[in-house]
Amino acid sequence: MRRAGALGLLALLLLPAGAAAVKQRTSMSLVLPQVMCVTCQIPLSQAQSPQADDERRYIRQLIDRGDTLAQVKSALVVQYGSAVLALPPDRGFDVTVYLVPVVVVAALVALLALLLTRWRRTPRSAPADGAGGSRQLSSADTARLEEDLRRYD
Amino acid sequence: MNRRIGPIVTALVAAALLALLGYGLAKQGPSRALDAAVEAGRQPAAPQVSQALPVLDRLRAQRASISHWRGGVIVVNFWASWCTTCDAEEPLLERTQRALLAGHEGTVLGITYKDVSSYSLSAIKRYGLSFPNLRDADGSFAAAYGTAQLPETFVLNSRLHVVAISRGPIPQAAWLARAISAAEA
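Chains as they are written, first to last, in our numbering: chain A, 1 to 153; chain B, 1 to 185.
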């Protein structure tokens, strides 16, 4: 009797896990944003063509059969190839879709870092004579400057 | 030295991006190399003749390539169950298949393009097609022929060279008869 009670309790504890393991059916609204019309090459949700209608009909069949989102996508790839997925796979030439933006951003950051380093090394006001420090007036200029200043006194 | 690295790296990255853009653009449009060769009176080798494609039947167990039918005329027809203009030429293709079989001259070979296999099978049954059909699941085979819209027909000779091309529906029964005669010559 005690053993039966323990088994019943165990079954109750396992019930939620079992229920969660039951595959979750998907819906058109979940699938459509993730797939393309393979002949029009636009998202299936926006496509109007006989092929797009066929694709939607096939998805409806899979959903009615009780397939999950992953199963629907996998069945679509079997029928139409990987081009049916809105996000391309991360292998082969398609990997450039993910790599190029990273490479471009990295190159821009590197270029910016290089330019900033160079800009910081450059003195803010370059000396006119290139010798550095303040410019020394010649004795004639000094005399003229003093003459001018005296005139203003 | 450091001053030169920046512009060199920038130029290299820009060149790589331009090359990638060029490759992407070139990959976008359908190739018309076969059409140009046929129009110039040449008979170019049919592409992808060894690419094994799934045979469209209920069992879906076999794969075959075009080279399997080497030695006779092959009328390669790209079609799909969703293609409304394909319907009209199916009776002509079926008559052609019977004539080719009767004369042991070759075969019509259907290639379904971006089509759900069960829908293709239903169409085969509906039209009563007796010629073999292969499935081009990802469109890579069709791409090699520059196929972007259906239906399209290619007539190959016994050496698997392209003799005639029809982009769109077969213009007339006489066009197909002439193309087959040219392929047999």
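Treat the hints as calculated values from the structure; they're not laboratory data.
Owing to the predicted nature of the structure, the values given are computational and were not obtained by experimental measurement.
Just to be clear, a hint being listed does not mean it is correct.
Derived CB-CB ranges, DEER-like [unchecked claim]: (1) A:SER82 to B:SER122: 24 to 30 angstroms; (2) A:VAL97 to B:PRO44: 29 to 35 angstroms; (3) B:PRO30 to A:PRO88: 18 to 24 angstroms; (4) B:ARG98 to A:PRO101: 54 to 60 angstroms.
To give an idea of the chain A side of the interface with chain B (calculated C-beta under 8 angstroms), a few residues [as the list claims (entries may be wrong)]: (5) THR39; (6) CYS40; (7) GLN51; (8) TYR58; (9) GLN79; (10) VAL100; (11) ALA107; (12) LEU111.
Pulled from the structure, derived: some chain B residues nowhere near chain A, Cβ distances all over 12 angstroms [to be verified]: (13) SER67; (14) SER117; (15) GLY146.
We put the CB at the ideal spot given by N, CA and C, even for glycine.
We went through each hint and held it up to the structure:
no. : hint                                    : verdict
1   : A:SER82 to B:SER122: 24 to 30 angstroms : holds (25 angstroms)
2   : A:VAL97 to B:PRO44: 29 to 35 angstroms  : holds (33 angstroms)
3   : B:PRO30 to A:PRO88: 18 to 24 angstroms  : holds (20 angstroms)
4   : B:ARG98 to A:PRO101: 54 to 60 angstroms : holds (56 angstroms)
5   : THR39                                   : holds (6 angstroms)
6   : CYS40                                   : violated (11 angstroms)
7   : GLN51                                   : holds (5 angstroms)
8   : TYR58                                   : holds (5 angstroms)
9   : GLN79                                   : holds (5 angstroms)
10  : VAL100                                  : holds (7 angstroms)
11  : ALA107                                  : holds (5 angstroms)
12  : LEU111                                  : holds (6 angstroms)
13  : SER67                                   : holds (23 angstroms)
14  : SER117                                  : violated (7 angstroms)
15  : GLY146                                  : holds (15 angstroms)
The structure fails hints 6 and 14 (numbered hints given earlier, in ascending order).
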